[in-house]
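Chemist: Spelled out from the first residue to the last, the chains are:
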Amino acid sequence: MSSILIENVNLEFVFRPAGSIKDALVGKRAHDAEIKTVHALKDIHLSLNTGDRLGVIGHNGAGKSTLLKTIAGIYAPTNGTVQLTGVPTCLFELATGFEMEASGYQNIKLRSLMLGLTPKEAEAKTAEIAEFSGLGEHLKRPLKYYSSGMFLRLAFSISTAISPEILLLDEVVAAGDAGFIEKANQRMREMVDQVDILVFVSHSMEQIKAFCNRCIWMSGGRIILQGDVDQVISAYQTAMRLNPGNPELALER
Amino acid sequence: MIVQYFKNLWLSRYIILSLAVQDIRNRYRRSIFGVLWSVLMPLGLALIIASVYTIIWKTDIKTFLPFLLSGLTPWSFISGCSTTGAMAYLSAEGYIKQLPVKIELFPVRVMLGSLIEFLFGLIAFFLIVLIFNPALITLNLLLLPAAILIYMIAGTAMATVAATMQTYIRDYAPLQTLLLQAFFYVTPIIFTPEIIAQRGANFELIYKFNPFYYFLQIVRDSLLGNRPDPVTWLVAAALSIGLLCLAILLVQKTRKQIVFKL
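Protein sequences, first through last, are from chains A and B.
1365 is the number of the first residue of the first sequence in my numbering; add one for each residue after it.
164 is the number of the first residue of the second sequence in my numbering; add one for each residue after it.
It should be emphasised that the hints constitute simulated quantities derived from the structure, not laboratory data.
Check each hint, because a few of them may be wrong.
[To be verified] Part of the chain B face toward chain A, derived, beta carbon under 7 angstroms:
#1 TYR177
#2 ASN189
#3 TYR258
#4 GLN261
#5 PHE423
The C-beta atom is built at its ideal place from N, Cα and C for all residues, glycine as well.
Work out the full structure, taking the sequences as your base and the hints as a guide.
Modeler: Quick look at the structure:
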């Protein structure tokens, strides 16, 4: 049984003007106006259990990705609690976090370790990951010689090799040529079927409808509507039509 | 807090090891002499400095060359940990922003890289000693593992402090480089403590209050067969533990914020 319990979570980023020693020496303090607080998540309550497939929609800057990263444990909430039962895997920003000088094989090992595998488990997974990526001999070359397509193939293959209990998915960029995209989509569907809990951020309403059985609409760091997928999506789409710039106004009316 | 720090490092042990191996491979990729450079570089540098001294001041090269290497090698470890350490978090941005990794592992990665260099430097030292002055090798060598342990603690701490400072204040690295350069000249590395002591008691203070002096001295005690001074060792051990406490405090205070500062 896996579960995600988010209670009363708030997340604030504080942006100060970049601190420099000069400022510190002359005793210059950042003016209040220069310190900007971005309230990226506001009073989030969310409880998910095995079987839940949650779609997260909302326009850019609504806090969707921040929510995902907070669940993943990458961002710590300013206050409130996030409790996870089960192992999470994140699929976002696929193309970062690699050793460019190291070979594909070495990166497979390293990333597997970072995802929590032991060296033995990582060893055992390597062949499968290499096979799926279809990169063959290229895996012996340093990553800096990879094309962006090859890069994404490798990243996707590693990240999806581990069967997680909780899958956090942020609009995965389609990677590589048509053949690989087909293979990748196939694997995504399998993963989504197998995991206990899915949290899926997407701008594609079709994808949300295909994968999810619950949906939340986020705006300005809040969950402004939640419930049944069709219901939330139709409210969102109606609001977007009425007031594309500021859809949540339409909701209040 | 301290327990959590060590627990996190233990949990990350495979990652640290894998990254350290990576760093070593990268360093020697596509160079003809490969690993040999790590021995040749300190050797070459020491030979250059020693030649100058021998020609100008008629220093006895047999005693001066081992002395020089016994100081240069620890110094490059210390400055290496601080200089490379400054980038420890920033260069790990891709990992920290994407994976639930423990930030404390990245300074340890830096320390291990410098430690490997340090060990190669020791090989250079022993080569020189065997050629010029085999009598220097004494039972004091048994102290070397203890000195290395103190170095690992201090090196990790210095890398952590530098990494944190640089992440918050981007002007930190050049300032640190300057400071280290200054310390290079006031620490008895390319001259002996006796040379300063001869100038009078006031001059002695230059190194007596210099923390780096104690770190250097514990390795020299082990390598050069001096009579080990317990006070020096205590000061070095206390300094390294104090630094580590500061580092752990910084890690715990900044753990949640680092990801936003990258």
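Chemist: Evaluate each hint against the coordinates.
Modeler: Structure-based check of all given hints:
1. For the restraint placing TYR177/B at the interface with chain A, the shortest Cβ-Cβ distance is roughly 5 angstroms, inside the 7 angstroms limit, so the hint holds.
2. Given hint, ASN189/B at the interface with chain A, holds; its Cβ is 5 angstroms from that chain's nearest Cβ, closer than 7 angstroms.
3. At a threshold of 7 angstroms, the smallest CB-CB gap from TYR258/B to chain A is about 5 angstroms, leaving the interface hint in force.
4. Interface restraint check: GLN261/B against chain A, minimum CB-CB distance 5 angstroms, threshold 7 angstroms, status holds.
5. Given hint, PHE423/B at the interface with chain A, holds; its Cβ is 5 angstroms from that chain's nearest Cβ, closer than 7 angstroms.
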